[in-house]
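Colleague: Residues per chain, in single letters:
2 protein chains.
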Amino acid sequence: MVQSEKQVEAGHAPKMGARRIYEALKNQILNGVYSAGSQLPSSRSLAIELHVSRTTVTVAYEQLAAEGFVELRQGARPRVTALQLGQRLRETNASREACGPLSAYGERLRALPPWLDYLPNTLAVDFRYGDLAPSDFPALAWKRAVNSVITQRPGRLAYEDPRGSRRLRQALQGYLWRARTLQCDLEQIIVVNGSQQGLDLCARLLLDEDSAFVMENPGYRMARQIFSSTGACTIDVDVDADGLQTAELANVNARMAYVTPSHQFPLGGVMPISRRHQLVNWALDRDAYVVEDDYDSEYRYDISPVPPLQSLGDGRNVIYLGTISKTLSPMMRIGYLVVPKHLQDVFATSKQLTDRHTSMTEQEALASLIECGAYESHVRRARRLNRERREMLLNALQATFGRRITVEGADAGLHVVVWFNELSASAEAVLMKAAYELGVGIYGISSLYAPLDTSRSERQPLGLVMGYSALSPKHIQKGVQLLAEAFSAVTDPG
Amino acid sequence: MVQSEKQVEAGHAPKMGARRIYEALKNQILNGVYSAGSQLPSSRSLAIELHVSRTTVTVAYEQLAAEGFVELRQGARPRVTALQLGQRLRETNASREACGPLSAYGERLRALPPWLDYLPNTLAVDFRYGDLAPSDFPALAWKRAVNSVITQRPGRLAYEDPRGSRRLRQALQGYLWRARTLQCDLEQIIVVNGSQQGLDLCARLLLDEDSAFVMENPGYRMARQIFSSTGACTIDVDVDADGLQTAELANVNARMAYVTPSHQFPLGGVMPISRRHQLVNWALDRDAYVVEDDYDSEYRYDISPVPPLQSLGDGRNVIYLGTISKTLSPMMRIGYLVVPKHLQDVFATSKQLTDRHTSMTEQEALASLIECGAYESHVRRARRLNRERREMLLNALQATFGRRITVEGADAGLHVVVWFNELSASAEAVLMKAAYELGVGIYGISSLYAPLDTSRSERQPLGLVMGYSALSPKHIQKGVQLLAEAFSAVTDPG
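Quick mapping for you: the protein sequence lines, in order, are chains A and B. So for the first sequence, numbering that gives the first Met the number 0 puts the first residue at 0; every next one is plus one. So for the second sequence, numbering that gives the first Met the number 0 puts the first residue at 0; every next one is plus one.
It is worth saying that the hints were derived from the structure and are not from the lab. Be aware that a few hints might be false.
Which copy is meant is left open, because identical chains are indistinguishable; a pair holds if it fits in one copy or across any two.
Derived EDC-like pairs (lysine to aspartate or glutamate); straight-line CA-CA distance at most 20 Å [unchecked claim]:
(1) Lys-340 - Glu-106
(2) Lys-473 - Glu-387
(3) Lys-25 - Asp-241
(4) Lys-142 - Glu-370
With the hints as extra help, turn the sequences into a complete structure.
Modeller: What follows is the structure, given as structure tokens:
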């Protein structure tokens with residue numbers, strides 16, 4: 000407190016003396032010590048009484064006047080303003096929990112658990128998907144890029160193009176062509192705060208309360224949640240080793256389908272060309288859109304990344320979504336949309352109204368990283384490191400569990416799905432808890448399935464989504480070993 | 000193109016040779032040269048034919064197989080997959096303008112002009128409000144802060160607390176107390192991407208299509224737009240020299256009121272205590288919320304900043320909104336909400352679903368700037384510089400236009416409103432165009448009034464909102480001089 004007051008004093012006028020006087024008089028007026036119409040002491044007499052300069056009192060009086068507590072009159076004492084009846088602040092005895100109604104969106108969010116995913120991490124080994132190892136981060140190149148941007152001084156500091164830095168969009172345009180054979184105009188690219196904001200813009204622009212959308216089952220939970228938050232109805236379509244079962248769409252009417260065709264999350268399938276055509280045709284027939292989340296195509300270990308849906312046909316009903324959360328850092332919030340030409344203006348307007356634009360420094364630094372080739376050489380290095388982690392994990396799992404597990408989706412990405420053939424999905428919470436107590440974080444696949452798909456836990460074996468990209472080889476081995484202990488504790492409690 | 004291909008080659012497998020083969024075969028399959036069920040050459044014979052290694056062909060074949068174009072069979076030639084009828088991509092002759100339906104929100108946005116505010120700046124002098132001078136920016140301190148953050152290596156790179164960096168919220172908590180006498184818990188603070196995102200979260204959480212909200216008239220246009228984008232009905236309440244005319248609220252039912260009580264935008268009034276009580280009581284009676292946009296309280300030149308509405312009563316129906324767009328830079332997207340306790344979870348969930356969290360580096364750098372006192376000393380310096388700019392502008396306006404103008408709202412902020420007593424508001428576009436042709440950007444106040452308030456242009460004189468914070472004293476003088484020329488051209492075209 001003393002500290003704070005000192006800092007206030009170091010601040011601007013009125014000085015603490017005036018502020019104390021102001022506070023005291025304000026409280027007296029609010030508590031009725033000085034009633035409406037009554038006069039305060041003259042500044043001269045109050046100054047003498049309080050042993051302060053007259054200026055100090057005048058500063059306090061001016062502040063009170065500016066806030067409407069008193070009226071100052073030339074040559075006369077300040078008069079307390081008549082606070083009209085009903086203009087005093089009502090006492091509220093209502094509980095602090097009391098709360099006005101929220102919007103339908105707000106009420107839907109209130110029904111969700113308040114802390115999605117976020118937990119401070121105190122585990123010895125954590126297989127949480129999506130985290131990256133800080134040692135992979137190209138710290139030096141990034142620092143150089145950021146400093147080169149900070150030292151540039153623009154003509155003026157002003158709001159920028161809502162679609163993002165032109166320099167970054169140019170760099171991305173080239174990158175998308177080189178890495179993904181994706182061709183687009185600069186105007187089709189919208190830089191967003193990570194792919195989550197890209198999904199949110201799609202949700203808001205495409206879905207109403209009476210709409211429906213197609214969701215992969217299992218699929219990315221935060222996509223499901225943001226689309227559901229609009230009130231639109233979820234149509235869950237099952238996924239197999241080839242991704243979304245597009246044949247199931249024949250009788251489905253929906254305004255949008257969310258898919259991860261290059262590497263289905265979480266099961267890992269690559270959608271074959273026939274399903275791709277079926278999906279895009281389904282959307283064309285219904286004037287619907289396909290939202291293509293290309294969240295980790297940088298990490299294919301066997302084949303080249305598969306060309307995106309966006310490059311099929313004229314792409315007029317495909318919205319492509321990419322991110323740097325898996326290549327650089329999830330803490331750095333940059334993603335990008337490639338939208339059909341006829342939607343580019345409305346997406347730009349939505350982005351502008353939502354938050355003006357994404358912060359400029361990191362956009363420009365990323366542009367500089369891509370321009371000089373450092374981004375792509377970093378991606379190659381990260382791919383190599385994660386390939387090694389994947390080998391380590393697969394070997395450790397194989398050596399430890401052998402035929403008791405089946406691994407799915409290991410060709411790509413930063414996670415694998417591990418099915419425990421002998422355990423039922425209903426044992427998921429028990430295994431997770433046992434592992435947690437041994438200091439290892441594991442994550443069941445259940446939460447990625449449609450919430451109402453309850454019979455699944457009896458039909459299916461227990462599955463884990465195991466991310467490895469934040470772990471050192473040593474930690475991976477340690478983690479699998481601890482997982483084996485947890486597994487034994489669950490299967491053989493004796 | 001050549002460049003791009005080279006860069007692809009420098010990328011990862013398959014090398015360009017394989018990629019060319021893959022592309023050629025894919026096109027032949029898609030165009031029916033190889034029909035479903037037919038066989039491709041063996042990898043050995045194709046390799047000989049094309050003078051490439053057999054591995055190159057194998058890579059191409061594996062890519063085709065992964066994408067579902069062919070099936071590979073041990074010891075046999077690859078067979079083209081049967082693309083079922085209707086699974087080829089449909090030809091679309093539809094115009095590129097054709098487009099599926101958007102959501103109601105999307106259609107409302109489409110009705111707005113696509114490029115709100117953003118224009119590359121080529122003017123000699125631009126009085127656009129909200130821009131800052133790069134020379135004011137504390138470049139050295141910021142660079143030091145950013146570098147101190149970049150060089151810290153966290154335990155792992157992972158999504159962060161959606162409410163923002165704990166360190167920044169702690170720094171803001173102290174700052175808000177020192178600068179604004181605002182007291183709150185850490186959990187009530189939500190870091191957002193500038194105040195626009197704060198407004199957007201309020202809009203989504205509080206308003207439905209059948210809701211109503213109170214808007215200052217004139218008021219901040221992008222607040223009006225984001226609230227209207229929900230479909231909620233706008234209730235425009237006039238503003239006078241004391242801010243929102245709260246007496247007008249008596250019979251108004253609305254779910255939310257948006258106000259700028261510390262410095263009304265654009266007219267500059269400070270809301271007196273009686274109106275503050277009336278406003279908060281109005282909201283308490285209706286279970287409504289007050290959104291208090293405290294966008295520029297750092298810049299008061301006469302009195303101390305007025306304590307926020309949030310600190311009246313228990314603040315349970317006030318949402319406070321602050322920003323660094325006016326103190327550091329609008330290009331750096333950081334703002335903060337202080338929300339009532341009973342709303343802190345739902346705001347955090349909404350922020351998380353919307354974009355996970357605000358980018359971490361700039362949050363932590365800002366925290367470090369506040370912690371070491373550099374932020375507040377920068378604010379003092381910026382206040383001094385802008386006070387000088389303000390004097391310069393007021394003097395230049397006075398010397399040039401004398402009694403032909405009336406200046407309003409010059410006690411605070413980074414803009415003044417200038418009324419041209421002899422010109423009608425209907426001449427606004429003409430004056431703006433005349434000024435633009437002379438290389439000076441001026442901005443009429445009309446766009447800040449309720450859009451349907453058409454009789455205003457006959458009743459009122461012409462008003463300009465003149466921002467000065469991006470201009471040097473020399474430019475301010477030059478700008479006023481050019482404005483005088485434009486004024487003469489309009490009033491005395493001969």
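Colleague: Given a CA cutoff of 20 Å, do Lys-473 and Glu-387 count as a within-copy pair, a between-copy pair, both, or neither?
Modeller: The answer is within: 12 Å in one copy meets 20 Å, while 62 Å across copies does not.
Colleague: Up to 20 Å between alpha-carbons, please classify Lys-142 paired with Glu-370: within, between, both or neither.
Modeller: within (15 Å within a copy, 22 Å between copies)
Colleague: At most 20 Å between CA atoms: does that hold for Lys-25 and Asp-241 within a copy, between copies, both, or neither?
Modeller: between (71 Å within a copy, 19 Å between copies)
Colleague: Is it within, between, both, or neither for Lys-340 and Glu-106, if the alpha carbons may be no more than 20 Å apart?
Modeller: Between copies only: 16 Å across chains, 35 Å inside a chain, cut-off 20 Å.
In this structure, none of the earlier numbered hints is contradicted; all agree with it.
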